[in-house]
Amino acid sequence: MIPELGHFSLIVALFLATTLGVLPILGAARNNSVLMGVARPLAYGQMLLIGVAFATLANAFLSNDFSVLYVAQHSNSQLPGQYRFAAIWGGHEGSLLLWAFFLSVWTAAVAAFSKHLPEEMVARVLGVMGMISVGFLLFMLFTSSPFERLLPAAADGRDLNPLLQDPGLVIHPPMLYMGYVGFSVAFAFAISALLGGKLDATWARWSRPWTTVAWVFMTIGIALGSGWAYYELGWGGWWFWDPVENASFMPWLLGTALIHSLAVTEKRGAFKSWTVLLAIAAFSLSLLGTFLVRSGVLTSVHSFASDPKRGIFILSFLVLVIGASLLLFAWRAPKVGLGGKFDMVSRESLLLSNNVLLSVASASVFIGTLYPLFMDALGYGKLSVGAPYFEAVFVPLMVPMVFLMGLGPLARWKKMSVPDLARRVRWAFGSALVLAVLLPLLMGKFLSLESNKWSPMIVLGLLMAFWVIATLVVSLRQRWAGQGRFMQRVRAQSLSYYGMQVAHLGVALFIIGVTLVKGYETERDLRMNVGDTVVAGGYEFRFNGVTESQGPNYVAGVGHVSVSRDGHLVTELEPEKRQYNVSGMPLTEAAITTGVFRDLYVSLGEPIPEAEGAWAVRVYIKPFIDWIWAGCLLMGLGGILAVSDRRYRIHKKAVTLQGAAA
Amino acid sequence: MMRFILPFVIFLVLSVFLYKGLGRDTREVPSPLVGKPAPAFMLPQLHDATRQFAPKEMLGKVWLLNVWASWCGACKDEHPILMELSHQNIVPIVGLDYKDKRLDGEATLNNAGDPYNLVIADLDGKVGFDYGVYGVPETYVIDKKGIIKFKLIGPVTPQNLRETILPMVAELEKQ
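Each protein sequence line maps, in turn, to chains A and B.
Residues in the first sequence are numbered from 0 upward in steps of one, following numbering that gives the first Met the number 0.
Residues in the second sequence are numbered from 0 upward in steps of one, following numbering that gives the first Met the number 0.
Note that these hints are calculated values from the structure, not bench results.
Owing to the predicted nature of the structure, the values given are computational and were not obtained by experimental measurement.
Think of the CB as a built atom: it goes at the ideal place given N, C-alpha and C, for glycine as much as any other residue.
Fair warning: there could be bad hints in the mix.
Unchecked claim - Only part of the chain B face toward chain A is listed, based on derived beta-carbon distances under 8 Å:
hint : residue
1    : I4
2    : S14
3    : L17
4    : G20
5    : F52
6    : N109
7    : Y115
Claimed, not checked - Pairs of lysine-lysine residues, derived as DSSO-like cross-links and limited to a Cα-Cα distance of at most 30 Å, are as follows:
hint : chain 1 : residue 1 : chain 2 : residue 2
8    : A       : K197      : A       : K114
9    : A       : K517      : B       : K98
10   : A       : K308      : B       : K60
11   : A       : K308      : B       : K144
12   : B       : K144      : B       : K19
13   : B       : K55       : B       : K148
14   : B       : K98       : B       : K125
15   : B       : K35       : B       : K60
16   : B       : K144      : B       : K98
17   : B       : K98       : B       : K173
18   : A       : K517      : B       : K100
19   : B       : K100      : A       : K308
20   : B       : K19       : B       : K143
21   : B       : K19       : B       : K55
22   : A       : K414      : A       : K340
Let's have the full structure, built from the sequences with the hints guiding it.
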């Protein structure tokens, strides 16, 4: 009975969403405040109903209700509690429900935190979000309901894919989805600005904090996913350019472009139509990502099962949403004025180049991801594009991007003289270059490698990172110098300024991590007998054999590897090879000791049949790899600082006052 | 004016491709090879590269050709069913390890069990290409004269085994 309740709330939610998608927008067009006024209550009601559906499904998972088909397919009575909960989004139907739920949460949040906005703007924004919700609810109810019954009930479930039984999965998809769905807010603001025909700087100001919050979720979500791949897949890689990863990376790149372009539109009134287009494109790519992952158009190693009916539905939805938005754009955008003028060299032009480079990067990921599809459709046979393509395209785009990133915060709006800018950064560039050239000479010794490695790519990577840090220091000095007490000057700078600098510092750390791990990692794949040792990066790894151990729902072979340095025991690593009881699927669980300067990474391959007790063992040393994720976290933190800025709080008060005065 | 409509036009072109991509995915498409002789090849075996296998060695028998790989997730779903089938000894199963690394393929079978009468190694995927392998796993039913009678895209399940594959094998055995 309870699952039917969930299904029923979804149906009612669909009615509310439909009403939300129609009445307030109509009301805004006719200036009817009654029709506009229903938007907020509908938004709250929708969240409540989808929340009930979500809670219902959660209840079915936690109480092991295997009469629900989706639960029977993705859970098992042996599955530990927290994974039973995470299993809600372990499959297609539940992920959609999570998506729809988050959409309703964002919608309700916009309803709650938009008291200072004009009524017709709120009505339109909530209306557009309601329409998107209609699409997802219809999709769920017609093709992918998580509440389908399985009668008679299964005795037990088929279990959650063991790869997904991991703390990372408990948080990674929700974070990512919050990001994906969050871009719908920027999208809705852009569409309602187009609908209202008022494309001035105000819509940019309103949608800025929302976009930044969505971007923060997405940044952290992607970082978590990458970290999960690193320790769960057992290959020691942190990014695979898999279609599913790319599906999240493309909207992230455009979202990054969007938050920068919104800043220009707000501050200078420039790039107005470009910003609108970016907002549409970022959300379109989020939708497209869903399409790619869910329709099985790109058969990746991950997913085989797919249903053409679902694909047709999402594609139609996609064409409707994106097509209509782009038509609306084509109709309204020409009326938008050009906005503030700026010179060839100015903060505007630097941000514009940043936008172009990020968009081109996103497009190149897009082409690489869909290339197999294009080639097949054009009859050129089946091909696939791998990491080499992406790396070859990506690096040349990111080098100028990062170079401009250093200059951007130093440049003035409107106009900047090149010699002046050059004079201000010459020391930054010089010291970054010297450090980048010299540091690799010491790296080999520092990381106890057999040989000292110095390569142009390492120097380039370090130069980029140090350049960002050095220009950051220049910018801080510039801001902090001057009259008055130092601490006063420090406090006088806005939080959004510090947020930007923290996020840029994150990019620098990220680049350091990527450069050093690629340049100096040690990877040994070898067959080890009990008692064998291998030396890598100054550490000695001794293989002490594999013992059997019993997990909650799996049996594991646990490898024992002791790691020592200069004769002293550093740590004991225990990588596992698990065999899950229900699915019988084997899984590698790497053992990692993390450190600021290096990770020690050991994972078990396969037992070697002809030799008793011997195993294939992978021993990796990954210098600075954690800097990659530390960088991402800093970017996220920068975003949080930026939205905590005082002006978003004061602004609210100011507008209330204005409203009262008017 | 034109430049504002451009994003829409690009998107339309893209949608056509996506639609074609969807059409590509329907697994109902009958293989053009059904009813035709199984393409000939000569490939080394997985466990012993010095021994070769050609489909004509199977003439006079009804047999299954199962395309799999160590990297393929859905193959793990069908693996226990193939194990069960091989214990029943109804029909010989020849495995084709598709676009795989020899060591990985061997390790998978050593680890999880080997349901195949023999396994051939199609490491670069050339034979798979001749057979029009679309996605892994795939299973072909081949009759005594070496004609492909049926092709299943996707994993073998208890249901399609019981309802389609085994009745067909029994039917072909009588001929």
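Structure-based check of each hint:
Hint status for I4(B) relative to chain A: holds, with the closest Cβ pair at about 4 Å, below 8 Å. The criterion of a C-beta within 8 Å of any C-beta in chain A is met by S14(B), whose closest approach is roughly 5 Å, and the hint holds. At its closest, the beta carbon of L17(B) sits 6 Å from a beta carbon of chain A; the interface hint therefore holds under the 8 Å criterion. Interface restraint check for G20(B): the shortest CB-CB distance to chain A comes to about 4 Å, inside 8 Å, so the restraint holds.
With a least beta-carbon distance of about 22 Å to chain A, the hint placing F52(B) at the interface is violated under the 8 Å criterion. Residue-level restraint check for N109(B) holds (minimum Cβ-Cβ distance to chain A is 5 Å; threshold 8 Å). Interface restraint check for Y115(B): the shortest CB-CB distance to chain A comes to about 17 Å, outside 8 Å, so the restraint is violated. Between the alpha carbons of K197(A) and K114(A) the distance comes to roughly 19 Å, so the proposed pair stays at or under 30 Å and holds.
Using a Cα cut-off of 30 Å, the hinted pair K517(A) and K98(B) holds, with the two alpha carbons roughly 27 Å apart. At roughly 39 Å between alpha-carbon atoms, K308(A) and K60(B) are farther apart than 30 Å, so this suggested pair is violated. Between K308(A) and K144(B) the alpha-carbon distance is near 38 Å, which puts this suggested pair outside the 30 Å criterion. Of the supplied pair hints, the one linking K144(B) and K19(B) is violated, its CA atoms being roughly 36 Å apart against a limit of 30 Å.
Of the supplied pair hints, the one linking K55(B) and K148(B) holds, its CA atoms being roughly 16 Å apart against a limit of 30 Å. As the CA atoms of K98(B) and K125(B) are separated by approximately 9 Å, the hinted pair is consistent with the 30 Å bound. Proximity of K35(B) to K60(B) is assessed by CA-CA distance (about 16 Å); at most 30 Å being required, the pair is judged to hold. Under the criterion of a C-alpha separation no larger than 30 Å, the hint pairing K144(B) with K98(B) is consistent with the structure, at around 28 Å.
For the given pair, K98(B) sits about 35 Å from K173(B) by alpha-carbon distance, which is inconsistent with the 30 Å threshold. At most 30 Å may separate the alpha-carbon atoms for a hinted pair to count; K517(A) and K100(B) meet this at roughly 24 Å. Taking the CA atoms of K100(B) and K308(A), the gap is near 35 Å; set against the 30 Å cutoff, the hint is violated. The straight-line distance between the Cα atoms of K19(B) and K143(B) is roughly 37 Å, outside the 30 Å bound, and the hint therefore fails.
In summary, the hint linking K19(B) to K55(B) is not supported, as the alpha carbons are separated by about 37 Å, beyond the 30 Å threshold. The suggested pairing of K414(A) with K340(A) holds, with an alpha-carbon distance near 9 Å, which does not exceed 30 Å.
In terms of the numbered hints stated before, the structure departs from hints 5, 7, 10, 11, 12, 17, 19, 20, 21, listed from lowest to highest.
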